[in-house]
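Q: With the hints as your guide, set chain E onto chain H.
First to last, the protein sequences are chains H and E. Its first residue numbered 9, the first sequence is counted upward by one per residue in the numbering used here. Its first residue numbered 331, the second sequence is counted upward by one per residue in the numbering used here.
These are computed hints drawn from the structure, not numbers from a lab. A hint or two may mislead.
Claimed, not checked - Below, simulated DSSO-like cross-link-like pairs (lysine-lysine); rule was C-alpha separation at most 30 Å, straight line:
#1 H/Lys321 <-> H/Lys220
#2 E/Lys490 <-> E/Lys419
#3 H/Lys220 <-> H/Lys260
#4 E/Lys490 <-> H/Lys79
#5 H/Lys260 <-> H/Lys321
#6 H/Lys289 <-> H/Lys260
#7 H/Lys260 <-> H/Lys79
#8 H/Lys325 <-> H/Lys192
#9 H/Lys140 <-> E/Lys338
#10 H/Lys192 <-> H/Lys289
#11 H/Lys79 <-> E/Lys496
#12 E/Lys419 <-> H/Lys140
#13 H/Lys79 <-> E/Lys359
#14 H/Lys140 <-> H/Lys189
#15 H/Lys79 <-> H/Lys189
#16 E/Lys419 <-> E/Lys496
#17 H/Lys289 <-> H/Lys140
#18 E/Lys496 <-> H/Lys140
What follows is the residue order along each chain.
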Amino acid sequence: MAMISIENLHKSYGSQAALDGFSLEVEEGELMVLIGPSGCGKSTLLKCVNRMVASDSGSIALAGRPVTDYKEELLRRGIGYCIQEVGLFPHLDVYENIAVVPRLLRWPEGRIRERVDRLIAISGLSAGHLRKHPRQLSGGEAQRVGVLRALASDPPVLLMDEPFGAVDPLNRHTLQAEFLKMQKELKKTVVFVTHDVDEAILLADRIALMEKGRLVAVDAPQGLEARLDEAFIGDFLGSEYPLRLLGRYAVKELGLCGNGAEGGPEGDALRLEMEPGMTLKDLLSGLIRAEGDYVLVTTPEGRDIRLSFSDIKCLMKGARR
Amino acid sequence: MPYEGREKMIWVRRSAIAALFILFVFGFKYIEALYGLFVPQRPAIVERTAMYVLVWQHLVIALVPTLAALAVSATAGCLLHVYGSEETKSLAVSLGSIGETFPSVAIIALSVPVLGYGNLPCMLALFVYAVLPILRNTVTGLAEVPRGVTEAAKGMGMDKLQMLFKVELPLAWPVMAAGLRVALIINISAATLGATVGAGGLGIPIVAGIRTYDTLMVMKGTMPVLLMALFADSMFAGADGKRSRNG
Chain H
9 MAMISIENLH KSYGSQAALD GFSLEVEEGE LMVLIGPSGC GKSTLLKCVN RMVASDSGSI
69 ALAGRPVTDY KEELLRRGIG YCIQEVGLFP HLDVYENIAV VPRLLRWPEG RIRERVDRLI
129 AISGLSAGHL RKHPRQLSGG EAQRVGVLRA LASDPPVLLM DEPFGAVDPL NRHTLQAEFL
189 KMQKELKKTV VFVTHDVDEA ILLADRIALM EKGRLVAVDA PQGLEARLDE AFIGDFLGSE
249 YPLRLLGRYA VKELGLCGNG AEGGPEGDAL RLEMEPGMTL KDLLSGLIRA EGDYVLVTTP
309 EGRDIRLSFS DIKCLMKGAR R
Chain E
331 MPYEGREKMI WVRRSAIAAL FILFVFGFKY IEALYGLFVP QRPAIVERTA MYVLVWQHLV
391 IALVPTLAAL AVSATAGCLL HVYGSEETKS LAVSLGSIGE TFPSVAIIAL SVPVLGYGNL
451 PCMLALFVYA VLPILRNTVT GLAEVPRGVT EAAKGMGMDK LQMLFKVELP LAWPVMAAGL
511 RVALIINISA ATLGATVGAG GLGIPIVAGI RTYDTLMVMK GTMPVLLMAL FADSMFAGAD
571 GKRSRNG
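Pulled out of the complex, with its shape left as it was, chain H reads as follows (with noise of 0.2 Å):
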């Protein structure tokens, strides 16, 4: 069974419909990423769950049972909320901002600390900064509280709207590398909205493209590719898709199996170092750099490995299966 189902959801502001017929099953542990142009209703949609907003007609459930079957309040508490302005309280320090939803839950003390001791652990975030206020954070820093206070009562679903959005791009990329990890190990049900294309390949198990409140495509990132042709997606994706999907894939997970033959000519090749967060879009920028057939990638073990093309083409079909 789905964790959630949304079905045939209607809202509109006025004349103006934000959610026209949208349905879409997210399961248990799945990482949902919703996209679409400004003002397709990807908020609206995701307000909808909370119940931030009211829908006109259709359903969405949780676990089988209708969000409206709950009240209001307690509703929330049980799902983690992340939103681009973040919103932490000015008036407490991080470790209060992180309780906030445990204490609305009345939990004792002891099992707030451990839980808050817990999270930050997990994070990017260090024991000294939980006597820090709001305002004596970076914008990354506040950030990543934010996640932490959606998190704190290890809710099943999270729903997040742009987190990300108000960083820096380098401060960006390290904040989806990090929540990615603390997914991997936390595997909720999260539903995030972006209009980023890059962030939505990196984050998403499936994305979901929407225009004018309704569900165009629901797939895998590496699935989109495949329909490009069709008339939204490929104005939205745009046609460099496959080139931004390439980011999608560390070469370190992918292994570098038996592809690439070790050593070959030293001499002038461009050599890069093969870092953890190495993709196959950084392997494919080298060759362009490099002007020639092939790249030298050092490995962590020291061994050169010359890779071509070819190669890269091998890896991504390994990646697809």
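A: Below, chain E alone, put in the same frame as chain H:
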């Protein structure tokens, strides 16, 4: 300046003002004696009320209406915030601004026919005068809480009362305190006007002093009022510090 340093300065200021105040109130007879050496022909006014009694009366006349106004305005402001429409809120804000331009003497004069002479008309006038700015600042302060903060609070499952008491009021407090600060300082000085309609307080020596051209008498009422107003003002310096510390 680091926060601790500023906090220390505020306390030094408070203590200095309080010390000056106590010195003036209890040492006035020495000042009077000293003054008598230079100005021998002072009008003979019979002292009917002791200085500390005047100070106490003055405090009651100024503080009670202000605190009552705080209670009434804060409650009304919260109710308006939770249940009021945008129109009623902006009405409250405009009323507050208009109210501040209304002279307090006029309110005192207008309330005499209803309440008669004495402390009451003066206190009523000061109450009315304090309600509007505090109400205006309560409504503004609550409305100025950043949208992201209230949305996060709502999204995490706070109900309206929890949002109000845990998030909105703490964040609106510096703005409310600014309104209270203005109201309190104005009321401490405006309470002297009560003497014209038979109220007690430090207005009595001022009015008597003006009638008899006795500068010292005027000073006897003015100086404590000035120091009380300064002290009240310094009490709010901390509220501002807290705001800048917590963002």
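Q: Assess, step by step, whether the Cα of E/Lys490 is no farther than 30 Å from the Cα of H/Lys79, and give holds or violated.
A: Roughly 13 Å between the alpha carbons, so the hint for E/Lys490 and H/Lys79 holds.
Q: Hinted pair, alpha-carbon criterion (30 Å max): H/Lys260, H/Lys79. Please report holds or violated.
A: Given pair H/Lys260, H/Lys79 is violated - Cα atoms ~47 Å apart, limit 30 Å.
Q: Starting from E/Lys419, check that the Cα of H/Lys140 is at most 30 Å away, please.
A: 35 Å, violated
Q: Does the alpha-carbon distance linking H/Lys321 and H/Lys220 stay inside the 30 Å limit?
A: Measuring from Cα to Cα gives roughly 36 Å; hence the hint is violated.
Q: Decide if the proposed pair is consistent with the structure: E/Lys490 and E/Lys419, CA atoms, cutoff 30 Å inclusive.
A: 17 Å, holds
Q: Given the hint that H/Lys325 pairs with H/Lys192, test it: the Cα-Cα distance must not exceed 30 Å.
A: Distance ~23 Å between H/Lys325 and H/Lys192 Cα, so the pair holds.
Q: For H/Lys289 and H/Lys140, compute the direct alpha-carbon distance and say whether it is at most 30 Å.
A: Given pair H/Lys289, H/Lys140 is violated - Cα atoms ~38 Å apart, limit 30 Å.
Q: For H/Lys79 and E/Lys496, compute the direct alpha-carbon distance and say whether it is at most 30 Å.
A: Distance ~20 Å between H/Lys79 and E/Lys496 Cα, so the pair holds.
Q: Please work out if H/Lys140 and H/Lys189 have their alpha carbons no farther apart than 30 Å.
A: Given that 30 Å is the threshold and the Cα spacing comes to 25 Å, the pair holds.
Q: Is H/Lys140 within 30 Å of E/Lys338, Cα to Cα?
A: 22 Å, holds
Q: For the pair supplied as a hint, H/Lys220 and H/Lys260, is the alpha-carbon distance within the 30 Å limit?
A: Violated. H/Lys220 to H/Lys260 sits at ~39 Å, over the 30 Å cutoff.
Q: Would the pair H/Lys79 and H/Lys189 pass a check requiring their Cα atoms to be no farther apart than 30 Å?
A: The hint is violated at about 33 Å.
Of the numbered hints given earlier, the model fails hints 1, 3, 7, 12, 13, 15, 17; all others are met.
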